[in-house]
Structures are given as structure tokens and as C-alpha cells.
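Enquirer: Input sequences plus hints: build the corresponding full structure.
Residue numbers (UniProt numbering), protein chains in the order written: chain A, 1 to 446; chain B, 1 to 107.
Some clues are possibly wrong.
[Unchecked claim] DSS-like mimics (lysine-lysine), calculated; alpha carbons at most 30 Å apart, straight line:
1. A:K78 <-> A:K310
2. B:K43 <-> A:K310
3. A:K221 <-> B:K43
4. B:K14 <-> A:K310
[What the hints assert, rightly or not] Which chain B residues stay away from chain A? Per the calculated CB distances, all over 10 Å, these:
5. A31
6. E35
7. T38
8. R41
[Said to hold, decoys possible] Footprint (simulated), chain A over chain B, 3 or more residues, beta carbon under 8 Å:
9. 10-24
10. 56-70
11. 75-86
None of these hints come from the bench; they were simulated from the model.
Ideal placement from N, C-alpha and C gives every residue a C-beta, glycine not left out.
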Amino acid sequence: MKTIRIGAGAGFAGDRIEPAVELAEHGRLDYLVFECLAERTIALAQEARLRDPEAGYDPLLADRFQAVLPAAHARGIKIISNMGAANPRGAAKAVARIARDLGLTGLTIAAVEGDDVTTLIDGLDLPLVERRGRVADLAGRIVSANAYMGIGGIVEALGEGADIVLTGRVSDPALFTAPLVFEFGWEPDDWDRLGKGTVIGHLLECGAQVTGGYFADPGYKDVANLARIGFPLAEVMADGSAVLTKVEGSGGAIDLRTCKEQLLYEVHDPAAYYQPDVVADFSGVGFTSVGPDRVAISGGKGHPRTETLKVTIGYRDSFIGEGQISYAGPGARARAELASRIVEERLKLTGVVIDELRLDLIGIDAVHRGAAVGSGPEPAEVRLRVAGRTGSLRDAVRIGNEVESLWLNGPAGGGGATKSAREVIAAASTLIPRELVETRIAYEVA
Amino acid sequence: MKLRELAHARAGDKGNVSNIAVFAYEPGDYAFLLEHVTAARVKAHFADIVDGEVTRYELPGIGALNFVMQEALGGGVTRSLSLDAHGKSLSSSLLDLDVPDRQSERR
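Expert: Written out as C-alpha cells, the structure is:
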């Protein structure tokens, strides 16, 4: 029976590259998928493209393709990625250049576009989802709007013979279900198989998060050889059943626990996981250990897709100013707390307009706030962090300045002050009718 | 005893919503988690952080509970003032929850 081997070469934009090379060289793969786009990443990419029309694709795209293309080309492994980000066509051109520089020929590179609905969204007064308000409330501040595309463009490009498919915003699991639909000829309304494919894609999309990454807790959940962690691959059959594994000899682990944790990662209602191509149902998914670092997946299913696509809107929201300074030795906490009160008062005295202010004592209460403050002895060092939201860059800068000036005007022994100020491109979401989104594909040849 | 002795957990973010999935190490402890790790307790544990509702989904097949916490991430990863803007470390914090002692040895 035909089995397709799909590997995950990245789980986020900044992910490690060496395990992807290991997969390409030793994974006996048919497909290598790089998932590199998130809410924050797409907004950053849109900003980059606004500054430079040639930019806007993944900053690590060149490093990744230079590293994996020789092995992928030699073994006929097809590559699918959303590294196109805000500029899939620019990304395809860049990959073609890299291939030529490496002396590799005979490659067709597809750029799947259509997810950018910025001009479309401005004219539609749609309600926002997951919060109050409407798209019209963001008028004049919208910098980007990208729809979560489904498998359509990728399947079409593979049908046209593409060896490499680069997309913009595509639902993460779709990067994995698209080659399955293409290879096995699954029907677009075969909801159960699309649901099973979504389970597989969801487990793979975060890379090492299913091979023991983001899992180890010494003494409770020990993972061997984490420094050399391998990325996952799935052996998938035409009926949608699959075994999850990794390259033999790589570090990390795939077991029932790592699979369970990843199954529910970023999932809300497990019975209704909304995707562009299917509403996947994870509620009956089960895992069986079928060998060392081999887990069989069972029980995923699906329900008919919705008539809308989710759109992530990036908009100019505010500015964040930040400053930090450290206090150490006896009384560190008391001095940091004094510094914190001084900064808060000075910001009021000087009339800095702040919408939201946060004062963190790092090492005591910065991460879990009131929920998990330790009861141990006083810490040997405390770092004060002041972060505030403002309506202008000028006010944001003044927050960091008030922290830095503690050097000469604050408690004893403050050191290591840093400051920063930046504009926030925030994300909001809405739903648009799917027929308004048109897939376009451009091809480059190397 | 602490929830950590019986369960492991992972947090994920989507917009301003955080989800924390909690998994019994031993299948026999699932009913115990069901009884003692309620949405109300999770909401109370994160009272300083979570402004919205907490919903619990149950997955007996894999011995898991999934807590979905609305308005939990200071506006979400793109605009949060938090150092951990994704709220990824919230899962470990939840394992600090106190639960009644279990007699048998665990892990």
C-alpha cells in the first residue's frame, strides 16, 4: 500500500535548521514542510514589505534553502512552506536564485498568492471575532489583512508539477494535508479524511514540539539527548491512518505523552477545530505506541467546512516603551520596589500619557504575576522592568528614559539599564465569505 | 499535594485566548482530575491574569482536560506588555495548583 512520508522542517520562523537537513538526508521523505508563519510573523513581514517591496518573506528563507536544497534535489523531495509570508513571489524568485547558485536545475517553484485581502477588507464593514468592534473601527490604521487559505493553491501547484511551493498565509495543517490530498486523491468533501489529515498536520506543524521539545521537566518528564533533537515525520496511508516518528538516532522522543500534549496545543473545542477545508474533530483521537519513537494515530474525523475564511488584520495599535534596570545584593528587592515607585510617580509628574502600565520585578513576580509567587528567601538580584503603552513614540521613549535615569537619580546600586520603544502592529480577526478570496499561482523555473 | 505530581500540561495561544491542556500521567487519575481541576478553580488560580471566562473541555480517551481562558493574554502576543506575551509559561504555573493527597505513589 502506498505510504507518503512527510517531515516537518520548521515549526516557527526562527526554528533550528540542522534537524531539517537531517530529515532531508536521512528521513526517506516524499515531502518536507516548513511552517514559519504566525500572527506576529505575518505582521512583521508586512511591515518589512512596506519598507522594501522586494522583502517581506521569511528572513531565514535563504539559510534554510541553501541548507536543504542539495539533499532535497538529489532525493526528489518536494518542499512546501509558508515562508513566502507577505511576498510569496519574491520568495520564489529568491529560491530560484539559490538553486541556480547551487548548480541545481530542473526545479519548478510555485508562489501561491491571494491571501492578501487588505484592499478588499477596507470596504467591508464586518464584525471582528474574538473581541468587540468592527473592521470599520480600524479604518486608516490597517497595514495588512491576510486570509487563512486552504489546500487549494498548493494542490493545484503540485498538480502542475511544482517541486517547491511557497505560500503566504495558509492554515498550518493545510501545508501537510495538501500533499496528502494530492497524492491520495482525497475528495474535497471527504470530511473524515480531511479531518484525519488535519490531525496529522496539527501534530507535525510545530516541529520538535512533538519529538520532546517544549516537553522536558527534569525528574518528571525526562527527554534524552535534547541538544540533538530530531524533527518529526509521519508515514501516512491512503485511508488517513498514520504513524508518527523521527529519524533513527536523532535526539528527543516521540511517545504517547508528547503526542497528547501536541494534539491539544492551541486548540479550543477539540470537537470543532476550524480549518479552511474542514472542521476537524479531535475528540476521538487516540494514540498507540507501535515501537520505539513510533506512535500510531487513530480516530480523527471531520465535519463540513464553513462558508467563511478567517482573516488576520494587522493594524497600527499603539506604541510600547520599555526600560529595565537591575539591583543586586542585600536589599535588592526593596531598592527595586523603591525604583518602581519613583518611576511611576515621575511618569505622572512629567505628564506622559500612558494607556496601560506594567511594573515587573523579574525573578519574583514577572512571569506568573500573583499566581505563583515563591515563599523562599529574598532573591540575590532583582531586575525592574517598566513597560507602558502610549499613543505616541515620543511618550513611549520617555518611559525608557525614566528608567535609565535611575542610574543617577534612583536608589543605590542600580545597573545594566536598557531601554527601547517601538510601534505595535497588533492583530485582530474577522471572517469573510470564502468566494471573495481568489487563489493565484505564479511559477519560477530554476 | 500539587497537581504537578499527577499531571503534565501544555499552554497555547490564539489571539487573546490561552488554552492549557492538562494530562493525567496515569489513566486512573483522570476521574480525580475531573473532580478537582474545575474551570472555577483554574479561573481562581489565574484571577490576576485572566479577565474572561474559563471553559473546560473533557477528553477521557487521552485522559486530558482542556481549559480555554478568554481575555488571558493582555491583548494577545502582538500587543501584550507581558514578558511572556504568548503566555506559554502559564501551563507550569497551573501545575502548582493544590489538590487533595492521593494515596498511591505516582509518576
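Enquirer: Look at each hint and say if it fits the structure.
Expert: Against the structure, the hints come out as follows:
Between A:K78 and A:K310, the direct Cα distance comes to roughly 28 Å. Compliance with the 30 Å bound is thereby established for this hinted pair. Annotation: proposed proximity of B:K43 to A:K310 holds, straight-line Cα distance about 28 Å (limit 30 Å). Taking the CA atoms of A:K221 and B:K43, the gap is near 26 Å; set against the 30 Å cutoff, the hint holds. Between B:K14 and A:K310 the CA atoms are separated by roughly 13 Å; this keeps the pair inside 30 Å, and the hint holds.
Non-interface call for B:A31 relative to chain A: holds, since the shortest CB-CB distance, roughly 17 Å, exceeds 10 Å. Consistency note on B:E35: stated as away from chain A, and its beta-carbon is indeed over 10 Å from all of that chain's, at 20 Å minimum. Even its closest Cβ contact with chain A, about 16 Å, leaves B:T38 beyond 10 Å, as expected for a residue assigned away from the interface. With a closest Cβ-Cβ approach of about 12 Å to chain A, B:R41 is found to remain outside the 10 Å limit, as its non-interface label requires.
Taking a C-beta to C-beta cut-off of 8 Å, the segment 10-24 of chain B contributes 10 residues in contact with chain A, enough for the three needed, and the coverage statement holds. Taking a C-beta to C-beta cut-off of 8 Å, the segment 56-70 of chain B contributes 8 residues in contact with chain A, enough for the three needed, and the coverage statement holds. Given a C-beta distance limit of less than 8 Å, the hint that chain A covers the segment 75-86 of chain B holds, as 9 residues qualify and 3 suffice.
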